[in-house]
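**Student:** All chains should be modelled from the sequences, with the hints used to inform the complete structure.
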Amino acid sequence: MSKIRFHKLAALVVLVAFAAWMGTGEFSSVGSAQTSPEEKPAVAETPKVPLRTVMVVAPPRVEHARAIRISGQTEAEKRATLATRAAGIIAELPVKQGDHIKQGDLILMLDAEEKAAAVETSKAVLSQRKAEWEAAQKLTKAGSAAKLTGDIAWSNYQTAQSQLQASEAELSRNQVKAPFNGVVDRVSVELGSSVAQGGEVATILSLDPILAKGEISERDLRYVKIGDDADVSLINGEVVKGKVRYISRDATAKTRTFPIEIAVPNKDNAIPAGMTAEITVRADPTDAVVLPRSVVTLGKNGDLGIRAIDAASKVVFYPIDLVDDTQKGLVLGGIPADAKIIIAGQDLVKEGDEVQAQVADEAALKKLAESAAGTQ
1 MSKIRFHKLA
11 ALVVLVAFAA
21 WMGTGEFSSV
31 GSAQTSPEEK
41 PAVAETPKVP
51 LRTVMVVAPP
61 RVEHARAIRI
71 SGQTEAEKRA
81 TLATRAAGII
91 AELPVKQGDH
101 IKQGDLILML
111 DAEEKAAAVE
121 TSKAVLSQRK
131 AEWEAAQKLT
141 KAGSAAKLTG
151 DIAWSNYQTA
161 QSQLQASEAE
171 LSRNQVKAPF
181 NGVVDRVSVE
191 LGSSVAQGGE
201 VATILSLDPI
211 LAKGEISERD
221 LRYVKIGDDA
231 DVSLINGEVV
241 KGKVRYISRD
251 ATAKTRTFPI
261 EIAVPNKDNA
271 IPAGMTAEIT
281 VRADPTDAVV
291 LPRSVVTLGK
301 NGDLGIRAID
311 AASKVVFYPI
321 DLVDDTQKGL
331 VLGGIPADAK
341 IIIAGQDLVK
351 EGDEVQAQVA
361 DEAALKKLAE
371 SAAGTQ
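Residue numbers (our numbering): 1 to 376.
Treat the hints as calculated values from the structure; they're not laboratory data.
Check before you lean on any hint, since a few could be wrong.
Subject to a maximum C-alpha distance of 25 Å in a straight line, what follows is the list of computed SDA-like cross-link-like pairs (lysine to any residue) [said to hold, decoys possible]:
#, residue 1, residue 2
1, Lys241, Gly274
2, Lys96, Pro272
3, Lys267, Gln97
4, Lys141, Ile152
5, Lys243, Ala65
6, Lys177, Asp208
7, Lys241, Asp208
8, Lys123, Met109
9, Lys123, Gln137
10, Lys328, Asp229
11, Lys328, Asp287
12, Lys267, Tyr246
13, Lys225, Lys254
14, Lys102, Asp185
15, Lys267, Phe180
16, Lys314, Lys340
17, Lys78, Val187
18, Lys138, Gln161
19, Lys177, Met109
20, Lys177, Ser188
21, Lys225, Asp208
22, Lys96, Thr203
23, Lys300, Gly334
24, Lys300, Val316
With beta-carbon atoms standing in for the labels, derived distance ranges [claimed, not checked]:
#, residue 1, residue 2, range
25, Pro94, Gln197, 19 to 29 Å
26, Lys130, Ser248, 54 to 64 Å
27, Asn301, Lys254, 24 to 34 Å
Backbone N, C-alpha and C fix where the C-beta goes; we use that ideal spot for every residue, glycine too.
**Tutor:** This is how it looks when you write it as structure tokens:
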């Protein structure tokens with residue numbers, strides 16, 4: 001019994017010792033090198049990525065007239081399709097296609113012998129009634145005739161005048177005359193042929209001035225006003241100058257654009273109607289910079305613009321306002337005066353990136369200065 005009690009006592013002592021050992025926390029170091037609580041394992045430092053280098057420039061400022069380009073075509077200022085006011089046989093046709101005419105010139109005359117005779121008769125009657133009225137006036141003043149006799153003579157004279165006007169108007173219905181100065185574009189009838197009332201006779205055009213017509217976008221409408229200068233480039237390579245004559249205030253429903261007209265002097269009628277033309281309207285000058293086309297890039301929202309750096313050498317983005325597209329480069333507005341624009345490396349960085357800026361060399365600066373001078 002004493003031996004069993006000894007074993008129980010020994011087991012109890014071991015249990016108490018084991019519990020005390022676990023309370024110290026030293027068991028975690030068993031089988032490995034112990035680490036001091038103050039010591040921490042060393043962490044490898046990530047090597048610092050060098051800043052990307054970009055080339056920047058502060059371009060010269062220019063005052064440049066905004067160029068608004070519009071596709072269009074030439075049209076006659078006036079176009080008229082002439083028609084007869086009476087039926088008959090064509091007795092006179094003094095014009096042909098291509099003839100230059102003046103307002104009031106005879107275009108066509110229908111056979112109207114009886115109407116012409118009626119005019120001559122009316123003229124003779126008028127002459128007689130006038131003589132009778134003048135004689136009645138003298139007799140009335142001399143007291144040889146009553147006042148009523150003079151009044152009757154005056155009435156007859158007025159009636160004769162009305163009859164002459166009526167016969168001349170009837171004769172004029174057989175005539176077709178030019179309503180304005182222009183050129184005969186087409187003759188639809190032949191001498192001696194029969195035409196019905198309202199039949200088409202000829203088409204005439206007024207080509208001086210010639211009109212260049214197109215449609216301007218709602219975005220550019222605010223820059224243009226009546227009287228502004230405009231260049232019209234014709235499909236044959238000729239460039240003529242004109243002025244804005246008309247701007248519609250009602251947009252075309254499908255395109256949301258506004259019809260516009262440019263009046264171009266055309267004294268010799270050298271510019272025909274219906275020719276393809278590109279209209280360039282010159283608006284008021286605006287503050288801008290001239291930059292190579294390669295500088296333009298896309299922002300994070302898909303907007304066209306340029307990248308620059310701020311005072312903290314971080315990349316910023318400026319949307320552009322295209323003022324003109326010239327042979328020397330793009331003329332851009334909407335760029336702050338103190339902007340340092342990235343002209344090399346702009347596609348390799350994004351907004352917010354910190355970069356190392358390198359000022360453009362003298363050759364690049366000279367090229368930009370020449371471009372700016374060439375657009376003024």
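**Student:** May I ask which of the numbered hints given earlier this structure violates, with the numbers listed in increasing order?
**Tutor:** none
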